[in-house]
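2 protein chains.
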Amino acid sequence: MIGSGDAGAIAPVRVACCQIAPEVGHKKANLDKTAEFIERAAREGAQIIVLPELCSSGYVFESRAEASSLADAYSDGETTSHWANMARDLDVYIVGGFAEKSPGELFNAAAVIGPQGRIGLFRKVHLWGDENLFFSPGDLGFPVFATEYGTIGVGICYDGWFPEFYRTCALKGAELVCVPTNWVPIQGQDPKREAMANILTMASAHANSIYIAAADRVGVERGQPFIGQSLIAGYAGWPVGGPASATKEEIILADLDLASARRARRWNDFNQVLRDRRPDAYR
Amino acid sequence: MIGSGDAGAIAPVRVACCQIAPEVGHKKANLDKTAEFIERAAREGAQIIVLPELCSSGYVFESRAEASSLADAYSDGETTSHWANMARDLDVYIVGGFAEKSPGELFNAAAVIGPQGRIGLFRKVHLWGDENLFFSPGDLGFPVFATEYGTIGVGICYDGWFPEFYRTCALKGAELVCVPTNWVPIQGQDPKREAMANILTMASAHANSIYIAAADRVGVERGQPFIGQSLIAGYAGWPVGGPASATKEEIILADLDLASARRARRWNDFNQVLRDRRPDAYR
Chain X
32 MIGSGDAGAI APVRVACCQI APEVGHKKAN LDKTAEFIER AAREGAQIIV
82 LPELCSSGYV FESRAEASSL ADAYSDGETT SHWANMARDL DVYIVGGFAE
132 KSPGELFNAA AVIGPQGRIG LFRKVHLWGD ENLFFSPGDL GFPVFATEYG
182 TIGVGICYDG WFPEFYRTCA LKGAELVCVP TNWVPIQGQD PKREAMANIL
232 TMASAHANSI YIAAADRVGV ERGQPFIGQS LIAGYAGWPV GGPASATKEE
282 IILADLDLAS ARRARRWNDF NQVLRDRRPD AYR
Chain R
32 MIGSGDAGAI APVRVACCQI APEVGHKKAN LDKTAEFIER AAREGAQIIV
82 LPELCSSGYV FESRAEASSL ADAYSDGETT SHWANMARDL DVYIVGGFAE
132 KSPGELFNAA AVIGPQGRIG LFRKVHLWGD ENLFFSPGDL GFPVFATEYG
182 TIGVGICYDG WFPEFYRTCA LKGAELVCVP TNWVPIQGQD PKREAMANIL
232 TMASAHANSI YIAAADRVGV ERGQPFIGQS LIAGYAGWPV GGPASATKEE
282 IILADLDLAS ARRARRWNDF NQVLRDRRPD AYR
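Those protein sequences? They're chains X and R, same order as listed. For the first sequence, my numbering gives the first residue as 32, with consecutive numbering after it. For the second sequence, my numbering gives the first residue as 32, with consecutive numbering after it.
This is chain X alone, in the form it adopts within the complex:
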């Protein structure tokens, strides 16, 4: 069943999150896997397809040299070229995470690619754990990207622990924020409850009246498990796609009316959530 973000949608866009299990070091196989899932999602009508963090390289690097050997350039590298060809052939947008090689440094990055080619680059701002050994912190802020369907923001995994990220995207006009992620188990997770990552996602969708599409990975890599549970949250905060399973490769889909996220920010005669902010009080 395909979720719907708004019953009265006039121009819905079908969004897919591809939950896959990359394997570190097997770049060719990982790119083939992304191709398989991009094709499946497109066959199911997806127009915007989100892939996990670092999904062509894998995540658990043993050294900076290994990370570097699996990284490529945004402008003409193997990963983005592969996805750009597919986006053109299938007439879709792809937001996917990859290890970006830039002169002298590496970034944990995401590319936004459309039928017309590369649209933009995001570099993970908040690095988690050993990523700090391999990657430079993102230096592009939180840009948003205009598409024919609406305005898209991007963040990666731990960025979602910072409400400032979603707020910045919303204030810049994002209606949909795409989150390539590799969520890992966290201390204090109540095993009987949904993932805290999902609760953070739901709260941020609600508090900004934005859609959020988070594509997580599954599987275990060099002893590190990942938690799956990819989620598409509607602008009221509730899931409209997923959460996906904790362990299986799968695609979640939802039809979203991106304009409605913006319209719904007016809550009553007095309140519009983004305009009600009081920066004078936040210091």
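Everything labelled a hint here was simulated from the structure, so no lab data went into it. Worth double-checking, as some hints may not be accurate.
Said to hold, decoys possible - Here are some chain X residues pointing at chain R (derived, C-beta under 8 Å):
| no. | residue |
| --- | --- |
| 1 | Leu231 |
| 2 | Asn302 |
| 3 | Tyr313 |
Think of the CB as a built atom: it goes at the ideal place given N, C-alpha and C, for glycine as much as any other residue.
Keeping the supplied structure of chain X fixed, place chain R upon it in accordance with the hints.
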């Protein structure tokens, strides 16, 4: 059963949220009700007691004149004097919401009162709906208050829709944020799920590694229902007290080690959530 915020607590403080049903216009009866619940909470060992928003006046005013007639001054008014006497006699801290009369204007306010007397005043920053007809927006920012148990921040109801509020309190050193509230049903609430207000509370507790104690009201006032579900969230985000019922007057309790909230902000060798912020990227 009394929840615990940390199994290894060395200096826990017992926090109570009193979920009651004030009636607009019946100030004497409302103050008596707060006295009854403060006494009950103190008998159960509570040292910090949180009361709902506007709990001496009621919430649904018909006019500014009516709101004014139910308001009193922070420094020497009936409400804060009542609570100050109880705080002294019972050796407890009280954080309670009241309509504050200030020369020429009214505020939707909360008083922080200890055994030694009045400690501080908070004025709701983000006003909801018709509150805008009766109250001035808070002009004190988000102050935090040092107590013998730890540092306390305060916000009221709709303030909780702004992650900036919790972040500001945490950055100023708050370990516990008390939230007097009158949560109302919101559009888009999934009736099968916990209240979005609780999800926002859990996400904010987790993303700042703070305790949050939200005391809601119940009942229906002039046709306006309130949703109860008072909650004490631990620093990992999960409930350690409540959520309370949606309709009944009751007290929820939890033993919290406020120091642990601060210690737990270090998540691994590289990450400490408040220090990982990147204000350069939030613009």
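Hint check:
1. Leu231: For Leu231 (chain X), the interface hint holds, since the closest Cβ of chain R sits about 5 Å away, which is under 8 Å.
2. Asn302: holds (6 Å)
3. Tyr313: holds (4 Å)
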